[in-house]
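Novice: Residues 1 to 153 in our numbering are what the sequence shown lists, from first letter to last.
By construction, these hints were calculated from the structure, which means they are not laboratory data. Each hint should be verified, as a subset may be incorrect.
The calculated label-pair distances, taken between Cβ atoms and stated as ranges, are [said to hold, decoys possible]:
no., residue 1, residue 2, range
1, LYS121, GLU145, 19 to 25 Å
2, PRO74, LYS134, 35 to 41 Å
3, LYS134, ASP64, 16 to 22 Å
Distance condition first, Cα-Cα at most 30 Å in a straight line; then the derived BS3-like pairs of lysine-lysine [stated by the list, open to error]:
no., residue 1, residue 2
4, LYS121, LYS29
5, LYS29, LYS52
6, LYS100, LYS29
7, LYS82, LYS100
8, LYS82, LYS33
9, LYS134, LYS121
10, LYS121, LYS33
11, LYS33, LYS52
12, LYS121, LYS52
The beta-carbon is built from N, C-alpha and C at its ideal position, and this holds for glycine as well.
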Amino acid sequence: MPEGRALTEDQVADFQECFLLFDTKGDGKIPVKQVGEVLRALGQNPTESEVKRLVQTTCQDKADARVTFEQFLPMLQAVSSKQNTDTVDDFIEGLRHFDKEGNGLISAAELRHLLVGLGEKMTEEEVESLIHGKEDAQGNINYEEFVRMVLAQ
Numbered sequence: 001m002p003e004g005r006a007l008t009e010d011q012v013a014d015f016q017e018c019f020l021l022f023d024t025k026g027d028g029k030i031p032v033k034q035v036g037e038v039l040r041a042l043g044q045n046p047t048e049s050e051v052k053r054l055v056q057t058t059c060q061d062k063a064d065a066r067v068t069f070e071q072f073l074p075m076l077q078a079v080s081s082k083q084n085t086d087t088v089d090d091f092i093e094g095l096r097h098f099d100k101e102g103n104g105l106i107s108a109a110e111l112r113h114l115l116v117g118l119g120e121k122m123t124e125e126e127v128e129s130l131i132h133g134k135e136d137a138q139g140n141i142n143y144e145e146f147v148r149m150v151l152a153q
């Protein structure tokens, strides 16, 4: 999405087409609980807390609320205009704190615990799919290679 520029009619039409794929009732609206899915389908990567904040300003906590495209578009613009400032080095530095021996390795069990329990929590299945095959014979993972692999996906 272009930064700081108005959207073209074609872009808005493409976004609306994707939005309407999630409209299962045919009323031009999507369930509020699917806002994050639609944003991700449109190439954005908001956190769950960002989605919750955007939705709360629009829907005032009605769990069964539905969102129109006109309500959704400003949410999409807000998420797309936010610069992603996380870098590979930031993630590596964060994991370095768990590198007890200073050898570039973190135990797979500890990494699993971090990914399932902290920040944007992942499911056991998601973590397993990321970690599978990355452990050495001692059950450790080179966290620098791991971060580069995850961010390249």
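Novice: Checking against the hints above, which ones are violated?
Specialist: Those not satisfied are hints 3, 6 and 7.
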